[in-house]
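Given the coordinates of chain A, assemble chain B onto it according to the supplied hints.
Going line by line, the protein sequences match chains A and B. Quick note on numbering: my numbering labels position 89 of the first sequence as 89, and the sequence is numbered without any gaps. Quick note on numbering: my numbering labels position 80 of the second sequence as 80, and the sequence is numbered without any gaps.
Since the hints were derived computationally from the structure, they do not count as laboratory data. Quantities reported herein were computed from a predicted structural model and do not represent experimental measurements. Hints may contain errors.
[To be verified] Per the computed footprint, the stretches of chain B lying under chain A, defined by three or more beta-carbons under 8 Å from a beta-carbon of chain A, are:
#1 26-36
#2 61-74
#3 86-92
[Stated by the list, open to error] Derived coverage of chain A by chain B (criterion: at least 3 residues anywhere in the stretch with Cβ under 8 Å from a Cβ of chain B; other residues may be distant):
#4 72-84
#5 118-126
#6 133-143
Even for Gly, the Cβ is constructed at its ideal location relative to N, Cα and C.
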Amino acid sequence: MAAATGPTPARRALFAAKRFLLFAVLWLVLTGAAPDGLGFGLAAALAATWLSLVLLPPGSRAVSLFSLLPLVPGFVDRSIRGGFDVAWRALHPALPIRPDWYVHRTRLPPGGARVALGSVVSLLPGTLVAGSFGDRLYVHCLTADEAIIRSVEAEEARIARTLSEEDAGPERQPR
Amino acid sequence: MTIADWVTLAACSLGVFFFIAGTAGILRFPDAYSRLHALTKADNLGLGLIALGLAPQLPDGWSIAKLALVWLLAVLAAATVAQLAARAGLRLEGRVAHGSEAAVSDREARGQRG
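Isolated chain A (complex conformation) (with noise of 0.2 Å):
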């Protein structure tokens, strides 16, 4: 939900700009930024970017990626709880999981907001998403019980609210 106008020539241009830059860094990295292959690298990252405007244009409501970045430490934090939530259940004696599903009913926008927060939910402790049908997201839980389904909620919430941050303006640190 970024400005409600369509993309400006200007902003267009700073979209594929940021597209290449991404697509050069990534060619530097799998070389090792060989000299002699920075040649092919600059056609690549160039023939690249032109195809990922094609297959992704810049749409005036979609979600910048970098916009989310932010939350990328908290990410990290609950993916690993969550490999120590399910590797403890795993390996104990008693096997203490109760699966069921929870559906949850999200209020964020279709596109990049969802799919951030079936990323998320996925790496949360004791639940996975099973995709959003409509605008209802299926959990499943390891053990269904409230805490899970407050957890939920509160990943929506952080990421509506960084939402609406970038929303308000660019320069606002979020969280």
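Here is chain B on its own, set in the frame of chain A:
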């Protein structure tokens, strides 16, 4: 052994532990969805720890960046595939019709809890 070697030994051992735990989950958990939990979460953490452990052994920053990229792509792929597999499972079981509003279970009618 240098400090870097000890870091490698510790992080990789812990990483292997999580892969073993994830495998135990795949074998012991009762249904496909629960197994996906083990597959995504424990193995992602295990791969992250192994990547972390290998980083000090690499010659330059570019190689470390490449290792980080491998981990990132594996995590993204695992998260996406787990969601798609679970989604396909729901459809196979006929619990959710294609893109429909059908309920996963009758519990949904009672409210939030599933």
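Taking the hints in turn, this is what the structure says about them:
For the stretch 26-36 of chain B, the assignment as covered by chain A holds, since 7 residues bring a beta-carbon within under 8 Å of that chain's beta-carbons and 3 suffice. Restraint check on the stretch 61-74 of chain B versus chain A: 5 residues with Cβ-Cβ distances below 8 Å, three needed, restraint holds. Note: the stretch 86-92 of chain B has 4 residues with beta-carbon separation from chain A under 8 Å; the three-residue rule is met and the coverage holds. Only residues whose beta carbon comes within less than 8 Å of a beta carbon in chain B count, and the stretch 72-84 of chain A has 5; three or more means the coverage holds.
Chain B is given as covering the stretch 118-126 of chain A, and this holds because 6 residues of the stretch bring a CB closer than 8 Å to a CB of that chain, at least three being needed. Here's how the stretch 133-143 of chain A fares: 8 of its residues keep a CB closer than 8 Å to some CB of chain B, so the rule of at least three is met and the hint holds.
Hint violations for this structure: none, all hints satisfied.
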